[in-house]
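Starting from the known structure of chain D, arrange chain U on it as the hints suggest.
These protein sequence lines are chains D and U, in that order.
Each position in the first sequence, counted from 1, maps to that position plus 676 in the working numbering.
Each position in the second sequence, counted from 1, maps to that position plus 357 in the working numbering.
Don't take every hint at face value.
In silico contact screen, one side only, chain D against chain U (beta carbon under 10 Å); selected entries [claimed, not checked]: (1) Ser758; (2) Tyr759; (3) Ala822.
Hints were generated in silico from the structure; no laboratory data involved.
Built from N, CA and C at the ideal position, the CB exists for glycine as well.
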Amino acid sequence: MDLQLDRVTKTFGGVAAVDEVSLEVEETTFFSLLGPSGCGKTTVLKMIAGFVQPDRGAIYIRGDEVSRKPPYKRNTSMVFQSYALFPHLSVFENVAFGLRYRGVSQEDRKRRVGQALEQVRLSGHERRYPSQLSGGQQQRVAFARAIVTQPALLLLDEPLSNLDLRLRQQMRQELINIQKSVRITTVYVTHDQGEAFSMSDKLAIMNGGKIVQIGSPQEIFLKPTSEFVLKFVGETNVIDCRATAVQGDETVVRSDDGLEFHVKNRAQPQIGARLKLYFREEQLQIKHRCSNKNCFPGVVMGAQYFGAMLTYTLRLSTGRTLRATTVNTRSNAFVLDQPIYVEVDPEDCLLVPGDSRG
Amino acid sequence: MEYSILDNVGRKLVALVRLGVICILVAPLLVTVLLSLSKSFTFPPSGFTFGWYLNFLDRPEFIRGLTTSIVLAASTVIVSTAIGSGLAFVLVRHAFKGTGLLKGLVLSPVSLPRIACGVSLFLLFVNIGVTGAFLELLALHVIITCPYVVSVLSASLAGVDESLEQASMNLGANRYQTFLRVTLPLIRPGLVAAAIFAFVVSFDEVTASTFLVDAHTTTYPVVLFSYMERGGLDPTVAAGTSILLAPLLVLMFILDRYVGLGRALGIWRVS
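The following block holds chain D by itself, in its conformation from the complex (with noise of 0.2 Å):
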């Protein structure tokens, strides 16, 4: 076990922004904290790293608990989101700057420079100044930094938000592969789903302070355990509906226009409770004849297009509308006002419980 948080706890100003957080990362691991802004994973990093004290838990690296410990005394690497280059230094005086302190020989130092700078491709540009360097460089620049002194713990925040699209794409498969091949076992923070799916082997979906799930990509996607995570990564229809019955491990459940939906359900509703059913823009199928249950009649209204992805704006005959995300090849091609089927697999449905009201 690299890294374990038992129940960290810090509060600023009276609010808790990390609230009894607790987690294991196993080594290798490539581990991701996803939230929207202000959950709480940069400050998680921080704590981790040594720039925030917790108020309350423990933080271990490898073992050794080092929730008091000073950054230094730490050995963890931190990539930056601003990657945090020193503009005095050079290249090569800022990918030897953590071994310097580490005692390690000049001859040493250099070898292990020249090494880490051709693990990021960048051999060759040791006495260009940060400033010299395009963006994407300046990231392999911190990643080489961050690398050379071989960490316990490699800690990224954010560090693909500042550049272009097309780049970041990039950056995320050569960052997974020298992860691999350096076999640091990472905690990678960000915002942005798509990164963390990618590039995950496990993650941790935080809001307000607090994880709400752990897990695989997989597991997260398609189990998701409450309405935020579901939310999060990606986009839902979603239906206010009643409980009406219970058909051994479906639920089946009507909604206020008259549909009836079933549902593979982990928790047994009360029958006649409030429900939200929630189900993925990407599990709502289009088709042209019913085969199954939670199949119902319409006709399309409009279409987005994505590019790889489109996504239509359907009408179902009791006026209801939900949207369907599909891949954009000729078979899911679909014309305005064109008659269609949508539906719904019961174990792809999520329901959570209602409002009160009504």
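This is chain U only, laid out in the frame that chain D set:
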């Protein structure tokens, strides 16, 4: 077309204003130099002589005063930047409940009449029995220059991204090493500017210093002042001022060459 004509007029106006400003700034210096070479203390000058320069060099009190002032200003620079950088660091990096009060206290000598500073320090030193004009003057000058040093260095420190210091500590440098290797090099232009301010303000200070000088330790401006008071209303003081111009210009040239005066003083270059 219309745009370029307007643009041209604007350019010429700016050039004119710039020329005017330079004239206003240079005129007093020019008058001083001309007067120092004039036979009589009148303007426009009449006749030409180096006599006042010889008179200046003949009087040991001027040379002694000049030496005292230079040593005093240099000492002020050292003490004031040392104290000032510490204060600035606390004010900018470690805000606490009394930060505002501390800042107000540190900056207060600027808004206090100099004469009040002089009198109160004089009374204090007399009452607690401190003697030694040089140390008294040093204390006074440090108090007077500290606000400038703290303001300049605070601005400079605030411009240094805190994440750079965090990055340094994250990489294994302790606070002291971080200050030496990261913070200090990044605020160097600010330090140079603060040192220049402290030197100039100390060298120029006369009002408060008059209360603390004694027969052996007198600063240069006070010497000039008392020379005029004792009836020396002749161009010797003009000579005494002009003599400083040459080394000052050389100093400014060197500073601009190696630090960038504009950058050091926080002035943008108008190119």
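Which earlier hints can't be squared with this structure?
-> none
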